[in-house]
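Counted from 1, the sequence shown has number 228 at position 224 by this note's numbering; the numbering is strictly sequential.
These are calculated hints, taken from the structure and not from any lab test. Quick reminder that beta carbons are idealized off the backbone N, C-alpha and C, glycines included. Do not take every clue at face value.
Label pairs and their calculated CB-CB ranges [what the hints assert, rightly or not]:
| # | residue 1 | residue 2 | range |
| --- | --- | --- | --- |
| 1 | 62 | 197 | 31 to 41 Å |
| 2 | 6 | 31 | 40 to 50 Å |
| 3 | 111 | 35 | 12 to 22 Å |
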Amino acid sequence: MPLHEALAFRLAHAHARDAVYSTLDLPRLTAGLTALALPVQPVRSRAATREQYLQRPDYGRQLARESRQLQDTAAPEAADVALILADGLSATAVNEHALPLLHELLPKLRQAGFRLAPVVLAEQARVALSDEIGELLGARLALMLIGERPGLSAPHSLGAYLTYAPRPGRTDEARNCVSNIRPEGLPYAAAADKLFYLVQESLRRQLSGVALKDEMGLLGEGMSDNE
Numbered sequence: 005m006p007l008h009e010a011l012a013f014r015l016a017h018a019h020a021r022d023a024v025y026s027t028l029d030l031p032r033l034t035a036g037l038t039a040l041a042l043p044v045q046p047v048r049s050r051a052a053t054r055e056q057y058l059q060r061p062d063y064g065r066q067l068a069r070e071s072r073q074l075q076d077t078a079a080p081e082a083a084d085v086a087l088i089l090a091d092g093l094s095a096t097a098v099n100e101h102a103l104p105l106l107h108e109l110l111p112k113l114r115q116a117g118f119r120l121a122p123v124v125l126a127e128q129a130r131v132a133l134s135d136e137i138g139e140l141l142g143a144r145l146a147l148m149l150i151g152e153r154p155g156l157s158a159p160h161s162l163g164a165y166l167t168y169a170p171r172p173g174r175t176d177e178a179r180n181c182v183s184n185i186r187p188e189g190l191p192y193a194a195a196a197d198k199l200f201y202l203v204q205e206s207l208r209r210q211l212s213g214v215a216l217k218d219e220m221g222l223l224g225e226g227m228s229d230n231e
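Start from the sequences and build out the full structure, keeping to the hints where you can.
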């Protein structure tokens, strides 16, 4: 292998490893969310350390006992959408891309009149943690923005997972995923359009996952929901 390729591989591997061990920039994210007029609630999963998080995926799917006070912040009237920002396997992705994406998405959600629960910042989190969070907040739908597993060419890719009627025990077929959100992949504006469409359709049809198809292009060509 040529030296420059060997060095490039080692550098890419180092970036991926750094991403896995990166942490959420809580002060910056909190300040950014506050500027968007969003209340913020930090939580942690049962995984006490990053090593435990990597070795025990099940711990990352359950809230720590001290974080279950989320139910105390739930509004009297059920929220439509619970937004969750989670480190996942690349907190770097959340630090870089979550706020720019929300700048595009929030105006759409607000203009549509959707009620938002307090935004949750979740550390040592897996995707399924959104089920417990969404249920505790009494939200109709959970939308988690989470750092994806880093690849050698993309250590900071953001994923978005949408689940209707979140509750513990939900499995992957109940979710919709929009992945590779970043300027070099799926741009923020396009990702916001896709997510807004999915949120609207999920709440209207009262479902998500394999039963909810992305028909944005088809609808734009004049096809009805039943075609």
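Exercise for review: Compare the structure with the hints numbered earlier in the document and write down the numbers of the violated ones, lowest to highest.
Suggested key: none
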